[in-house]
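Kindly produce the complete structure, drawing on both the sequences and the hints.
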Amino acid sequence: MTGVLWALVLVPAAAGGALLAAAFGPARFAARVERAAATSGVAVAAGVLALAVAAAVNGPRVAVPFLAGEPLALAVDGLSAVVVVTVAAVALLVLTFSASSVRSGRARFTGLMLVFVAAVLVTATATTLLGLLMAWEAMGATSYALIAFGWREARAVASGTTAFVVTRAGDVGLYLAAGAALAVAGAAAPGLSLAGLAALPAPWLHIAAAGILAAAFGKAAQLPFSFWLSRAMDGPSPVSALLHSAAMVAMGGYLLLRAHPLLVAAGWAAPAAAWGGAVTALVLGAVALAQTDLKQLLAASTSAQLGFVVLAAGIAGPGAVGAGLAQLVGHAATKALLFLAAGAWLTALGTKAIPALRGAGRTYPWVGVPFTVGALALAGIPPLALWATKDSVLAAAREQSLGLYVVGSAAAVLAAGYSGKALALIWRRRPAHPAGADTGAVTGYDTEEQGTRVVPWLSRIPLIPLAIGAGVLGVLVLPAASRALGLDPPAVPDVGELAVSAVLALAVTAAALCWPSRLPAPGCAASWLHLERAADAGIVRPTLCLARVLARADDALEVGVFGMGRAARRAAAAAAAVDRVGVTGAVRAVAAGVRRAGDAARLSQTGQLHHYYAQAVVGLAVAVLIVWLAV
Amino acid sequence: MMPVLIFLPAAVAAVLLLARVPDRAALLAWLGTSLATVGISVGLWAAYLAGARKGADGFAFEVKVPWIPGVGSSFHVGVDGLSLPLLALTAVVFTACAVYSLRQGQRPRSYAALFLALQTTSLGLFAALDLIVFFVFFDLSIVGMYFIIAGWGHGPGRRRSALLFFLYTFVGSLALLLGFIGLYVASDPHTFDIVALAAHPPLTGPGPAGPLVLAAIALGLAIKTPTVPFHTWLPPAHTDAPAAGSAVLAGILLKMGTFGFVRIAMPLLPEQWRAYAWVFIGVGVASVLYGALVALAQHNFKRLVAFTSVNHMGYILLALGAAGLLGDDKAREVAVSGAMVQMVSHGLITAALFLLAGVLLDRGGSYDMNRYGGLAAVAPRFAAVTAVAAFASLGLPGFSGFIAEFQILAGSLGPATPAAAVAALGIVLTAALMLWALHRLFLGAPRSQLATTVTDLRPRELWAIVPLLAGSVLIGLYPQSLLDVITPAAHTLITMVGR
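Keeping their order, the protein sequence lines are chains A and B.
Just so we're aligned, residue 1 is where the first sequence starts under the numbering used here, counting upward by one.
Just so we're aligned, residue 632 is where the second sequence starts under the numbering used here, counting upward by one.
Mixed in with the good hints there might be a few duds.
Unchecked claim - Covered stretches of chain B (in silico footprint by chain A; criterion: 3 or more residues with CB under 8 Å from a CB of chain A, positions within the stretch not fixed):
#: 1; segment: 637–650
#: 2; segment: 1008–1021
#: 3; segment: 1054–1063
Hints are computed from structural coordinates only; laboratory data are not their basis.
Here a beta-carbon is modelled for each residue, glycine too, at the ideal position from N, C-alpha and C.
Here you go:
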């Protein structure tokens, strides 16, 4: 059955690559591909889903030698089986939705989405750091291209760059983790196997754990990396529905679930993950509450909900990993649904501002009803998915630390608040507009793009299975379900906990539905805690400043080196002058001096005897004087 | 086989210069000759893997002809796992340049002859197993590149840049010669033969001679590589060189420096290499960060690519330095094989980037990125190919750059933990600077009239550039294709350094 696993990752990769290549091929051919792109994308995604189910049932594993004597190995086990099927299913629904909502550059869009899906499937099934890192970075690069899909907008391109650079800063951690794994000498070396990381000896164990944490926090948009997800909302909505619900950000949480033994073995890493996740859930919940843009609200809520997954991965006790996985899957369906609904309204009404979307649920009930199911699930209303999965995570957390439980519960309350806020406005009646005044200035529509005022069937259909998923996926926490899937059974919350959380969620959601405008919205939460500005002021600007200073210094060095050439030429000229004036002059002067000395010496040669006598007397007197002085 | 491979281009060059060959025929002769060297390299590769004609000393296809017997120098060439990839790279990059230059209008006959002569010096250097042979090819390459920059460059400063390049690297070659003479004097019996010197490294034991000889050789190679702070000749030379000249300069000539480290400095002076490994690590890390930071601040696309070369060469020095430290053999072997892959990878990717910079100049008459913007609308293929090259250059998995940098960083982390951790930040910087460059050139709105007049890549340019990137993808997705040759050689090198 190894063929299934290869096909699972190679089919979307090859199909996506072919579509991308064709998009830049000869014009006639490219036009034909453009027309067929959406349909073929859906067909390939359907095939991938079938392959994913087959792989999940069979649990194949494959390996090929790759580099450094380390294989590129993939395997479908209990954990990855669930994720692979989830990703494939969401990808199929999102591509179906995009078939009607993405109107230009379809070949490029579909190609990038399929390559992205291949990268996610490799990430989910990789059993070595090498395959994981490769797919991990390929996800990042395709997400750059997808966020910057509307490349004529400078802001979208900059947002793609922000997302890629921020997540790559976290990815450095994976390089370090791989280095730590390779640094261990001898026969005990675990190689790059993910499962073997927990067995690393002391200093390398901690480097590996820190690296994995950094990479996962970056991808999962946990604090302090969260701001890239806000910028990522500049991409098309279907991109967010796949990348920022089921796939890319979720892979951050998934990596930590997979690395659970490593985090526990490292000691400090598990509590760091747990608290990082809990704090992100709480703080980004507050950020979501303060948003006035529907996609921004959903993005902040994604960070917050994945905070529960990260929290679960950091809990050493039994049942945590299963609870985290259930939360991951429940959230994937819920958030994909909500992003697609937001995208449907954006296409129809040209806006994603929550105040402008007032009454959108009434106008488009085929979107409004599924959206309501998703929002109620997000709020933690029983018996919908996230109520059960989140409580399972919290039950596992309570076993370990009351503090984590309290912070997590507070975060759950915030989730009920922001979900209620979004719901309230969607269903409020619009104030009556004078007939024919359906213009942006009056309605708040068409601020982002010109709306079509229609939600086509192809955009409605995918919402239904996602709404069903958001409704029923809570069954994943039931022991029977986890046994059937061959998973570590999630922690089971007791009845009291479930009841308390249900009552809290209902009360807070009801309050938010009644008084949506009274919800607290502090300014710093509205602007995502100024994280982007802080990163800009603290890291980006100093780096650019340093770069400019070094560049100027380098220019000066260049001038200096060129100056050395000039200086050498000047020195040569000076030497020539010295040679001309100095050396030649000195030689002449010496010659002249000698001649003059000769002339002077000739003066004494008079030929007259008395002159010689006088000279002899003077010479004798000098000799006597010297002798006398010497004695 | 080796003398044919090495001297075929020079022989064709001589014919082109002496006979009055028509211009078009000269360019086609250049292309044909380059393709022939590619064919020979492929044959050598296959035969090498099959283990053909491998000598007891580990070198295949050896040729040893007495040359200057008085000083123990012979024309000694051969092939091993370190040189074979670079020989093949030379053939490929020169072929790409020949395709790119098929429409060369300015004195095409002498242009083709110069490039062919340059190819002989490059092939000869990578195959050299004698210090004097190495030195002669090293110096001749400087002469050839001087004429290419001075004669076919653009910009008012081309003669000045060419002269700076010549003098700077020539001074480096003098230091190198001094070091070679030091090795000769210390060897017993006196010889310039690399194989003999590597078998019994001279200058063992304490004393100032060993470090001094290493310093002289390292200085000469560091200038050629170039590493910080000896890189000053590189940006002006690239800015003023013709596109094909830049592609050869960055793709092949820089490798003469890094190849010198693995062929001469490390195996012939192992004791000194181990003692001073931290110097090379320090220079490597400094080059990684400095090259990336200065590139980040550039507005001139070609200068940006030139500075990323400093960054990429820095990784090689880091890995080779780490190979001299104590540590797990496997980790150090991974680092060295990463350094070798980086040489090939940088040759392919940077040659492609410089040819693309040539297209930019050809269409817009400027390298200033701020004057373009939105080119993806008018030149989608140009945008797509450059984006692929940029992602390859920033080390994205699926391209050769990742195979190189992953091995270098992961392999160096064990022996040189803080250095590798700091150097890893370089991959974030290169990501930022490459994406920013793409943004300024191709995406967003056009920033000037100039940006709307750019036309897309022509078939000749596509045929020159796409194969280089395809090579990078081949290595990125199927690294065994290269590692099967490199890994045993890396193992041998680690053993030699560990003596």
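Here is what the structure says about each hint:
Counting residues of the segment 637–650 of chain B whose CB falls under 8 Å from any CB of chain A gives 0; the rule of at least 3 is not met. Counting residues of the segment 1008–1021 of chain B whose CB lies closer than 8 Å to any CB of chain A gives 4, so the stated coverage by that chain holds, three being the minimum. Three residues within the 8 Å Cβ limit are the bar, and the segment 1054–1063 of chain B against chain A gives 7, so the coverage statement holds.
When held up to the earlier numbered hints, the structure conflicts with hint 1 and nothing else.
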